[in-house]
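Asker: Chains H and G, in that order, are what the protein sequence lines are.
Residue numbering for the first sequence follows full-length UniProt numbering, beginning at 1 and increasing consecutively.
Residue numbering for the second sequence follows full-length UniProt numbering, beginning at 1 and increasing consecutively.
Here are the computed distance ranges between Cβ atoms for each label pair: (1) G:D82 / H:V634: 53 to 61 Å; (2) G:K412 / H:E554: 55 to 63 Å; (3) G:Q352 / H:L312: 23 to 31 Å; (4) G:D626 / H:V634: 26 to 34 Å; (5) H:D520 / G:K232: 55 to 63 Å; (6) G:R678 / H:E494: 50 to 58 Å; (7) H:D520 / G:D82: 57 to 65 Å; (8) H:V682 / G:K232: 32 to 40 Å; (9) H:I523 / G:K232: 54 to 62 Å.
Where chain H lies over chain G, by a calculated footprint (3+ residues, C-beta under 8 Å): (10) 95-108; (11) 161-172; (12) 263-276; (13) 355-361; (14) 548-560; (15) 685-694.
Keep in mind that the hints were calculated from the coordinates and are not lab data.
If you're wondering where the values come from, they're calculated on a predicted model, not measured in any experiment.
C-beta: ideal position from N, C-alpha, C; glycine also.
Protein chains: 2
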Amino acid sequence: MSESSATQQRLATVQNHLQVASCSAEEPKKKTPVESMTEERVKATFNVRDLTYFLDGGEKFTKIREKFMMELERDPTFRMYDMYDVTKDEIRVRTMEKFRTIVHYVSAEPVPIFTMRMQTISLIDPGFWTRFGVHYGLFFGALRGSATSSQFSHWVSKGALALNGMVGCFAMTELGHGSNVAGLETTATFDEAADQFVIHTPSVTATKWWIGGAAHTATHTVCFAQLIVRGKRYGVKSFVVQLRDTKTYALLPGINIGDIGKKMGRDGIDNGWIQFTNVRVPRTNMLMKHTKVSRAGEVKEPPMAQLTYGALIQGRVAMVVDSGNIAKKAVTIAGRYAAVRRQFSSNPHEAQETKLIDYAIHQYRLMPLLAMAYAFHFTGVETQKLYDNLMDKIESTQPNDASMTDVLDTLKETHATSAGLKAFCTWSTLNAIEACRQTLGGHGYSAYTGLATTYNDFAVHCTWEGDNTILTLQSGRYLVSCYREALAGKKQPEGVDYLNHLDTLLNQGCAVKKNEDILDFGIIQEAWGVVTANVVKKAGDDFETSLKQGMNPEAAYEECSQARLAAAKIHSFGYVFRRFAQAVGSAPEGLKAVLTKVCLLYGLYSIEQNAGFFLQYRYFTPSQMDYVRHQVNVLCRAVREEYIPLIDAFNLSDYMINSPLGVYDGDIYEKYFAQVKRQNPVGAPHPYLPLIQSLLRRDIEDDEPLEDDEDDEE
Amino acid sequence: MSESSATQQRLATVQNHLQVASCSAEEPKKKTPVESMTEERVKATFNVRDLTYFLDGGEKFTKIREKFMMELERDPTFRMYDMYDVTKDEIRVRTMEKFRTIVHYVSAEPVPIFTMRMQTISLIDPGFWTRFGVHYGLFFGALRGSATSSQFSHWVSKGALALNGMVGCFAMTELGHGSNVAGLETTATFDEAADQFVIHTPSVTATKWWIGGAAHTATHTVCFAQLIVRGKRYGVKSFVVQLRDTKTYALLPGINIGDIGKKMGRDGIDNGWIQFTNVRVPRTNMLMKHTKVSRAGEVKEPPMAQLTYGALIQGRVAMVVDSGNIAKKAVTIAGRYAAVRRQFSSNPHEAQETKLIDYAIHQYRLMPLLAMAYAFHFTGVETQKLYDNLMDKIESTQPNDASMTDVLDTLKETHATSAGLKAFCTWSTLNAIEACRQTLGGHGYSAYTGLATTYNDFAVHCTWEGDNTILTLQSGRYLVSCYREALAGKKQPEGVDYLNHLDTLLNQGCAVKKNEDILDFGIIQEAWGVVTANVVKKAGDDFETSLKQGMNPEAAYEECSQARLAAAKIHSFGYVFRRFAQAVGSAPEGLKAVLTKVCLLYGLYSIEQNAGFFLQYRYFTPSQMDYVRHQVNVLCRAVREEYIPLIDAFNLSDYMINSPLGVYDGDIYEKYFAQVKRQNPVGAPHPYLPLIQSLLRRDIEDDEPLEDDEDDEE
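Pulled out of the complex, with its shape left as it was, chain H reads as follows (with noise of 0.2 Å):
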């Protein structure tokens, strides 16, 4: 070949690379994601930031909040971009280092504005809001409500309020022993002689199981044991227990500690086990405000047993609030992924594949998570009001004052209907979470997105602090029992405010004259307050059937407990409505006609995935119930026009967000890959490279198989 040929076909080897590559570049203008977004936010009729501050109580709360969300993102102890590489160690280990920063605000902060502190938290590092909340919430928290003011006073000078030379663990359920705290196997027996209880572990089935802070982090514990005092015993009682010396951290003599190891989430907190072995401590060390015990072995026990509950009401009402929260970080990242991912084309003369959020069927999927988060976080309100007006009334109230019936009779509205949607939100939000993780397609799967993680972490808001069944089942028998007392005569609270009219519900057809009249709040209330009080009334008529059968009370539960839990599920949607409508009215003129679309969106899909009750009951007719099916699409299409709007409201910051997939300017794929990458260097070491060599070297040294040819020569 010449020289000049050689050149010559060079260069048309080189003319037919760019002829090539031009080729490739012929694609019509397409929006970009960051235009797809930019897009839905000038759709708003409303006024974005006005709704964040109605959400947050007020614009000096939304303040608050971006303060809170500032100084996390600026910390780097609570550095979040890589949570979803480090180790099951390397996260206790940072769980550990934010302490410092936080202890700093329990002390420097009043405790409302500590408490949205920990809100915030909460939605960024569940695992420490976990840790944290088990020295302040549970160990201290134990303290406050069960020690006398002598021992509480005694423990905060120990350091127990200042975390400073101890930190605490809440020692209650064990391996075999879970929701039902009477039948805890640890005993507490009572030494007369030396004036100590000696704490005992008598099986494996007794091991202290679960205990958050117990495996690395703890030095005491309040460990529930049953008080056994000259052989008689008395029940379930809490006893303060050192385990490790606070300086070295060696195991005290007689405690055996050791790590529950790997969970479905929350890494962040060292869950442990603890088996007591005669361990020794002094009478004193007993938490005595309710029960308590003598020098000479007395046992007296206090006369309002069921004010020790208000405790528990504490967590459930945080986990409603909770579930709000994440509900409606999930919607923000499933929400923001669907204005921007475009598949398949919906309109033959686009020219760009359509964006998920236009298809009616992801409309259907998203919308009413959307609208639920908007229902949680009113309710969330709403509860938080409730336990505050009680905790009010009861410190305000001493034991013989005449208004204590009134007292005991918020005790147990408050109780039941803070379990009843402790169970209704944590499984709601848990399901949306796994259904916009969903809607994400295959990125769903992906650590970074998110709501993996996510999901992980949340999940164990349904079993623990009262496992979801028992307490819908507990929120059902406050149903029943309410509902004896209506048809007694007695009047009942707001929450259960459908009892009162029994016999005007019960018999009472649909108010509807025309279809319209069904997106109505006073309709759909209505109907909630129908079927509900003919699902309680079914699980308050087979329960009174029962006891004349000659049963129990507690077998005549028993039996109807599948009518129960129904009543319970039935209860808490119309609740929740009542909720959100109610909010709704008070809501500024601005934000009204927004708000009641997300609002219906909420009652009629709720009406819809509940079908079958509201035609059993014969509120509605079958053809009636195809309205609603058809509005809740109608409804879908009219709130997703302003839904981008509706989640930015929720003003939570990319940092809060921590997904590549929910950024708020909709750069999601340049976003995605740059998180993947900087996770995930290129070049990193081959994790098992001699490994896939050997593999295929087989044929590299020799095409032939080896072993085999010599053994045909043989």
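Chain G: place on chain H using the hints.
Answerer: Below, chain G alone, put in the same frame as chain H:
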């Protein structure tokens, strides 16, 4: 104190200690966990072994499965007890180690036997199943399905079958494109001068994403790209592209690959991203069984593009089968736990707490899931048969055969059925895993109880190889099209047989004279037939209305997507019930009674869950629906009597269950504790001792806080 009085006091103290210790041992005699389990096994009214044989398709297959389970258990590379604690990188190394064993069986075993082996592996190690499946199912499957026979021989000679010298992956999805394969951006531009294709990634969103095995394992890929010849686009075709040097594993020029990183589950598979920058491959690397590009750049398109779908179906059938298997595993763990775990007491005369499984509500949570596991098992068997039948037909038919229409009909039916069932069964199973996990209460949150990992591993089934929502919509579209064909008089296949009786079914009231009639397979089947016919009609009519309003078919399908989704879901319930009822019909006499109970429970529970539709279309009256609800409880109680034998019949060894809470002998607490201690040895180094010491030492060095005091003094 004198020596003797000191001795006396010591003696008194010793006695006192002993007394206190003996005090703790006063408990009444209780059944051990093992005894609690054993008593369940005597309740069987059937021969468990016979049921196992029936499920497996005969004793011979049971023996084969048992052989597999034993081989896996004894293979050190398949040790699984510590899988919940290993890191992502460790899991990947282990997954690679297993290749050697399994590659051996690929060549040693006939395909159906090897398929059974892989089904077994999927139950214990889904990550490995995926990594292996990527090469044999996807990469090699693509060669088999899309290569010409000479191309196929070429790649086999290179080691594609024996995994000698090459290992493949499957580069279809891109960062910005998943379900819509036609929308992929990667280009394969024909360079006629060089007789090569230029494979190129034109943008970030075109980056191949989620590619299993790409990050560290694959040397070659089948890459899906837009075929461009002489500037004209011919749609997406597939091309073999080498990624790495098969000896050094260095990336080839133009190839950029990274690790996708941490996922929700299945970390054993190294998903990666790939960017091609003007990578050249010979023209013959395009797989040309269907579309062909000649040396001169002529493109010849295939007459029967539909036939290429066959390969897609296989994966979906595998997931239907996997759903049944994983449901069995989940139910085994939850079911055995419920036989042993005791909580509260439903009977005051009983010294011991009540077994979970003796609570009505626990039966209601668990028994329908057990019934579902059976239903999905039989559905899997039948779906596999449908698929095998299709493949036989395709292989024995030439494109011009007269029977080709029949083949295409079968293809259409199998495609739609497997799509709908894949979505239905994977969704239901995912929910069942979570429901089972929650029945373990707090322990369900431990990694060692297995269900959290099972959930995380299984979840991907809902989005890969066809997103569930999209598949359900496709199934709904098929139903609408069958409905329209049926209206036009064309006979429909068995799967949608109810459409052959529209006239009867749509006008049919309930045939039930007295409530007890409902407990009949025929009635339940009719009930599903009537309701499904109505729901499909609704979708079909909505579609028709839209067409009449002038919409094009695509827009009309989009308009009725919510109705299609509902139709597909309801159709699947009825379909699965029919498969189950059919299997009961063919069961040996000794098994019929127990299977009938389980099948009735599945049928009635599904009706209860969809009560709205049965009331809407007035097949059942509200009072009949109350009877259905009541019977579900009755059947739950009846199935509960034999549920441990029913679980035992699944015949999964403890190794396969890999959960101390699901062990056969019921000794759950000892084994759980042992597992936790083995994985988290007592006395292991403290992960953050200095951190916590410095936190608590603020008052160790000096009781008064330093800074404040000094500030005060200034």
